[in-house]
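The sequence shown begins at 1 in this note's numbering and counts up by one.
These are calculated hints, taken from the structure and not from any lab test.
In this text, all values refer to a predicted model and were calculated from it rather than measured experimentally.
One or more of the hints may lead you astray.
[Claimed, not checked] Derived CB-CB ranges, DEER-like:
#	residue 1	residue 2	range
1	Gly80	Glu19	22 to 32 Å
2	Glu19	Leu85	35 to 45 Å
3	Arg22	Leu85	31 to 41 Å
4	Gly84	Glu19	40 to 50 Å
5	His40	Leu107	30 to 40 Å
6	Asp91	Ile59	29 to 39 Å
7	Glu16	Asp69	14 to 24 Å
8	Asp91	Arg23	46 to 56 Å
9	Gly84	Tyr108	36 to 46 Å
10	Gly84	Arg22	32 to 42 Å
Beta carbons: idealized from backbone N, C-alpha and C, even for Gly.
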Amino acid sequence: MATNLELKCRSASCAELQECARRLGAVVQATLAQTDTYFHVPHGRLKLREIDGSHAELIQYDRPDVAGDRWSRYTRVTVGDPAGLVRALRDALGIRCIVKKVRTLYLYRTARIHVDEVAGLGSF
Numbered sequence: 001m002a003t004n005l006e007l008k009c010r011s012a013s014c015a016e017l018q019e020c021a022r023r024l025g026a027v028v029q030a031t032l033a034q035t036d037t038y039f040h041v042p043h044g045r046l047k048l049r050e051i052d053g054s055h056a057e058l059i060q061y062d063r064p065d066v067a068g069d070r071w072s073r074y075t076r077v078t079v080g081d082p083a084g085l086v087r088a089l090r091d092a093l094g095i096r097c098i099v100k101k102v103r104t105l106y107l108y109r110t111a112r113i114h115v116d117e118v119a120g121l122g123s124f
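Generate the whole structure from the sequences, applying the supplied hints.
Given below as structure tokens:
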């Protein structure tokens with residue numbers, strides 16, 4: 001199981017966050033349209049992430065529900081039939097929520113910086 005350290009911050013605008021990343025020296029790697037479908041599970045979190053309608057992966061992860069920085073343990077599996085998997089998991093587990101976002105991915109040294117515009121929630 002892989003691990004990562006994350007910190008989520010709300011911002012007034014993605015443009016402000018993108019400017020901060022550029023000033024830091026981070027380099028844009030990609031801009032991606034993502035849809036995350038979360039399923040009810042008894043432990044941790046389970047989501048199907050669809051990226052630009054061309055790639056999908058099932059991600060199971062566990063992290064504490066606390067503010068600030070937090071460590072996450074996760075497993076990712078590439079999915080060939082995301083629509084079929086959504087139907088199967090929906091019928092077995094139920095859908096918790098669906099999150100749609102546009103993510104701009106920056107790379108700074110060995111750190112990935114995600115600037116997200118999340119539908120109905122704002123900029124992070």
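Item to check | Hint numbers not upheld by this structure, sorted from lowest to highest | outcome: 1, 6
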